[in-house]
Every structure is written in C-alpha cells, then in structure tokens.
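A.B. asks: Modelling step: build the complete structure from the supplied sequences, incorporating the hints.
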Amino acid sequence: MKLVTAILRPHRVADVRAALNTFGIHGMTISQATGYGMELWRTSSYRGQRFHGESVSNVRMEVVVDDSDTEDVVDLILSSAASTASGAGKVWVTPVVALTRVRTGERGMDAI
44 MKLVTAILRP
54 HRVADVRAAL
64 NTFGIHGMTI
74 SQATGYGMEL
84 WRTSSYRGQR
94 FHGESVSNVR
104 MEVVVDDSDT
114 EDVVDLILSS
124 AASTASGAGK
134 VWVTPVVALT
144 RVRTGERGMD
154 AI
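Per the numbering used here, the very first residue in the sequence shown carries number 44; after that it's consecutive.
Hints were generated in silico from the structure; no laboratory data involved.
It is possible that part of the hints are untrue.
[Stated by the list, open to error] Cβ pair distances, simulated, as ranges:
{"no.": "1", "residue 1": "136", "residue 2": "78", "range": "27 to 37 Å"}
{"no.": "2", "residue 1": "78", "residue 2": "122", "range": "19 to 29 Å"}
{"no.": "3", "residue 1": "53", "residue 2": "122", "range": "29 to 39 Å"}
{"no.": "4", "residue 1": "54", "residue 2": "140", "range": "27 to 37 Å"}
{"no.": "5", "residue 1": "133", "residue 2": "111", "range": "16 to 26 Å"}
{"no.": "6", "residue 1": "66", "residue 2": "90", "range": "36 to 46 Å"}
{"no.": "7", "residue 1": "46", "residue 2": "99", "range": "14 to 24 Å"}
Because the structure is a prediction, the values reported are computed rather than measured.
All residues carry an ideal CB built from backbone N, CA and C; glycine is no exception.
C.D. replies: See below:
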C-alpha cells in the first residue's frame with residue numbers, strides 16, 4: 044500500500060476529487076494547508092494596501108491506494124490539477140506499513 048499526498052491550489056480540488064471518484068477512489072482526507080515553496084514572498088493587496096505574505100493557503104489531499112494503482116493515481120492527480128503557473132502544487136508517495144479500520148478492525152487492503 045502507498046499513501047499518495049498532494050498539495051494543491053484550492054480551486055483544483057473539485058476536479059481532482061471528481062477524477063479520483065471516477066477511478067473508483069471514494070475515500071480521502073482533505074485538509075487546509077499553508078506553506079511556501081520556491082517563491083518565499085508573494086505580494087497581495089488588502090483594502091488598497093500591498094503586503095508580502097510568507098505563506099500561501101493550499102489544500103492537502105491524502106489517499107491510500109494499492110501498490111498497483113499508485114502510478115495511475117499520481118498521473119490522474121497531475122492531469123486533473125495541471126497548471127503552468129508556479130506554485131501549482133506537489134505530489135509525493137510514501138509506503139504504508141500497516142492500515143487498520145478502527146470501526147471493524149479490518150486490516151490491509153480490506154481497510155481501504
């Protein structure tokens with residue numbers, strides 16, 4: 044099993060979620076995230092005042108998938124969140140050693 048994590052712009056989340064649903068993935072964790080990458084400073088304006096912000100609001104999506112589906116899921120996320128703008132996000136994959144569903148006690152792929 045693998046954990047696929049994606050940091051995305053908020054307006055891309057609906058497209059990525061719909062694409063994952065059509066692939067057969069219906070469970071995922073979606074949370075607010077803030078941070079910055081290569082562009083440390085972003086200039087914004089608020090009530091006519093310009094200021095530099097140190098972090099950007101993004102969304103973090105996490106989904107656990109079978110090893111055989113990992114590349115397909117990553118490609119699906121990349122294609123549905125595609126953008127040429129800088130700061131469009133990142134996707135990474137980490138191994139999952141164990142997974143247990145709290146309610147039923149199911150383990151491994153049965154717990155997904």
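A.B. asks: Against this structure, judge whether each hint is valid.
C.D. replies: Against the structure, the hints come out as follows:
no.	hint	verdict
1	136 / 78: 27 to 37 Å	violated, 19 Å
2	78 / 122: 19 to 29 Å	holds, 24 Å
3	53 / 122: 29 to 39 Å	violated, 18 Å
4	54 / 140: 27 to 37 Å	holds, 34 Å
5	133 / 111: 16 to 26 Å	holds, 23 Å
6	66 / 90: 36 to 46 Å	holds, 43 Å
7	46 / 99: 14 to 24 Å	holds, 23 Å
When the structure is compared with the earlier hints, violations turn up for hints 1, 3 and for no others.
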